[in-house]
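There are 2 protein chains.
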Amino acid sequence: MTLAPLFAGRASRMRASEIRELLKLLDQPDIISFAGGIPDPAMFPHEAFRQAYADVLSGPGADAALQYQVSEGYLPLRRWLAAEMGRLGVPCDEGNIFITSGSQQALDYLGKLFVSPADTVLVTWPTYLGALQAFNAYEPHYERLTPAGGNMTPEAYRAAAAKAGGRAKFAYLVPDFANPTGETLSRAEREDVLDLAAGLDAAVIEDAAYQALRYDGEPVPSILALDCARSGGIEAARTIYCGSFSKILAPGLRVGWVCAARTVIEKLVLAKQASDLHSPSINQIVIHRVAETNYASQVAKARLHYGARRDRMLEALDATMPAEVAWSRPEGGMFVWMTLPPEIDTTELLARAVAEARVAFVPGHAFFADGSGRNALRLSFTLADDRAVGEGIPRLARLIAAG
Amino acid sequence: MTLAPLFAGRASRMRASEIRELLKLLDQPDIISFAGGIPDPAMFPHEAFRQAYADVLSGPGADAALQYQVSEGYLPLRRWLAAEMGRLGVPCDEGNIFITSGSQQALDYLGKLFVSPADTVLVTWPTYLGALQAFNAYEPHYERLTPAGGNMTPEAYRAAAAKAGGRAKFAYLVPDFANPTGETLSRAEREDVLDLAAGLDAAVIEDAAYQALRYDGEPVPSILALDCARSGGIEAARTIYCGSFSKILAPGLRVGWVCAARTVIEKLVLAKQASDLHSPSINQIVIHRVAETNYASQVAKARLHYGARRDRMLEALDATMPAEVAWSRPEGGMFVWMTLPPEIDTTELLARAVAEARVAFVPGHAFFADGSGRNALRLSFTLADDRAVGEGIPRLARLIAAG
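In the order they appear, the protein sequences are chains G and A.
Taken in order, the first sequence gives residues 1 to 403; the numbers are from full-length UniProt numbering.
Taken in order, the second sequence gives residues 1 to 403; the numbers are from full-length UniProt numbering.
Bear in mind the hints are in silico, worked out from the structure with no lab data behind them.
Where a beta carbon is used, it is the ideal one built from N, C-alpha and C, also for glycine.
Treat the hints with care, since some could be wrong.
Examples of chain A residues lying across from chain G (beta carbon under 7 Å, computed) [said to hold, decoys possible]: (1) L3; (2) H46; (3) G252.
Pairwise CB distance ranges, derived in the manner of DEER restraints [said to hold, decoys possible]: (4) G:E356 <-> A:G9: 48 to 54 Å; (5) G:A236 <-> A:R15: 24 to 30 Å; (6) A:A351 <-> G:D201: 38 to 44 Å; (7) A:T293 <-> G:D30: 42 to 48 Å; (8) A:P154 <-> G:G59: 55 to 61 Å; (9) G:G371 <-> A:A236: 31 to 37 Å; (10) G:G165 <-> A:D195: 38 to 44 Å; (11) A:A162 <-> G:P29: 55 to 61 Å; (12) A:R15 <-> G:D201: 22 to 28 Å; (13) A:A118 <-> G:E266: 38 to 44 Å; (14) A:R15 <-> G:A308: 40 to 46 Å; (15) G:R15 <-> A:Q28: 47 to 53 Å; (16) A:S58 <-> G:A308: 26 to 32 Å; (17) A:A402 <-> G:E266: 35 to 41 Å.
Listed below are the simulated DMTMM-like cross-link pairs for lysine to aspartate or glutamate, each with C-alpha atoms no more than 20 Å apart in a straight line [unchecked claim]: (18) G:K301 <-> G:D311; (19) A:K301 <-> A:E84; (20) G:K163 <-> G:D370; (21) A:K301 <-> G:D311; (22) G:K301 <-> A:D63; (23) G:K301 <-> G:D63.
Given only the sequences and the hints, what does the whole structure look like? Please build it.
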């Protein structure tokens, strides 16, 4: 027998992403890949991790590190994060912090908590592919969020949501150095998003995965900080902040967090208890130790390292790309977003780029809820050293110029 | 504002379990708790874990241990598990193995994959509370599964499922030393479950969390092994096997696995990619190392240790409990299930047990999909040393005898 006929309707929305397929290309040593949005392992604080695992497993906390844990997460880590959020302008305590297995898990749980089938979720066009994948399981309708000016009013969104059969539950966005565009919302745009959400009586999910990775320009307050300031405090805030240690310490331990009103945290704890009990005890304890000693220095190191790589990539693009190609100039993060002439389909371009130029990227349409964006592509500069950029970007430019 | 009005309908099914509340009692040092079904930390292979983390983080695989991973899991661990499943009578390869963050996560993903609202799930009365919590998010209707004889035919189940508004998707059960009853299904009962599932054209979820913990009696083949034998191989099997390292190595790393037909594994990989990308890389690598060297010896140690604790608890129950109380005599696992006279409500008894006798257990009704079982309770013997049993069981017996 095959069990496929027993799958729920939502199973048909579960699809492999191009990113996954593309990551396989990294195994071919002669491919220069700008595809994967992953940190450079040279930046991992290897020695701090080695020491922390050894200390935890040799000390009086070894039993607790190997045993079951409470679903909300390791208390000292939650306290450390509450203090860190305080430094970001979000006064809160450990009751507002929930530990997740990477910030991806927060997106899954928030979809589960908020979205009934046919409810509306507002996302930018394009947006983080993993967010679309996480939300898809809960069968939302998507509407386009245009933080940088658009003509949709709360009333128009409300009508569209009702027509789709539900209501607008939240707006999801990556306000700093977005995946995939690299763009950062201004303070005024963030305030506009909060106004829109207030008009819709909806939540805001602020995906802050890249927030610490600023290479130049002035920091913009987080949406949650602006929300706390206008609403009088975190318990009255509609914004749910999702953070991650993956980009600053290491992704392989899978530790992220949510900062939000207790009403939301308490439901997320129940969702986690039902879905995986808790994130690994030992990893939370180790992340706490390494964060206490190394977080600030890791942020500083990452800014220098990735900032230089961004500069190198922008220089190479400036020097080699044909005039009809445009790209973003991100102030931080991991990505440059490139727009090609409308007649170019970047999925077809990728096949040729791999076959002829031995260069890889992610085609843009994967990031659009409606599958548009066929003439865009995403380049990641985090793994791209001088040689990769110096060889790979000119090869890509020649391929595009050849048409 | 409060975000609660925005929660999806399923959020109302997210509830804190009594177990969670009861675990808090463990923090009170003068309470003797038979509540938590958790392994004894004295059994953890501390030194093997210390060595494995140190070796991995000092060796050439350190970068990979801290980096993102493929969603299906670490290949050498999947190969090791495929060989282990072969020893259990399930010929398969790594394509049939999927790594989860504990077997709890498998239950969440299987609920997500199979259950549309109002579909029917068959569970025993009582069953594992965490399974009910995991499935509840997908809004199933529950019907009672009676593997040890019952008068429901496939036609009757089919009619009940249709009346509830969906169809029977799977039967879930813990065939070895069940949580909470401690009972083990005979080979004939397992074959009957497969017959029923075939008649219903439904899947079978075999939760094998305790399978290795047999203290006496003869092993019974796993349902998946029986299914492979009758259906001709794992790709034609309807059974989905969920395993866990939590009871044999340690729960704090959160590593479990699913063994099933590729049709199912491929969908689970997509579910995981959308929900937390992958289980922590470093923990999978460490579990593989420790399993290679210590799995067999850990199983042997656990059998001796927990077997002796089960014996001690059964002796104490035999010596002290009033005649109107009955209990199971498990051949393995972690639990003894006790049935009191029908007029006793064990939730009320627990309040008095904690207040007057300083003893804790889990009230039975938490394990029933319909909230029945109010005169039953679950005792765990894994953390109960001679003193705890020697003092705690007589105290509980006196409380019950006093009525």
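> Hint by hint, which ones does this structure get wrong, listed from lowest number up?
Replying inline: 7, 13, 14, 21, 23
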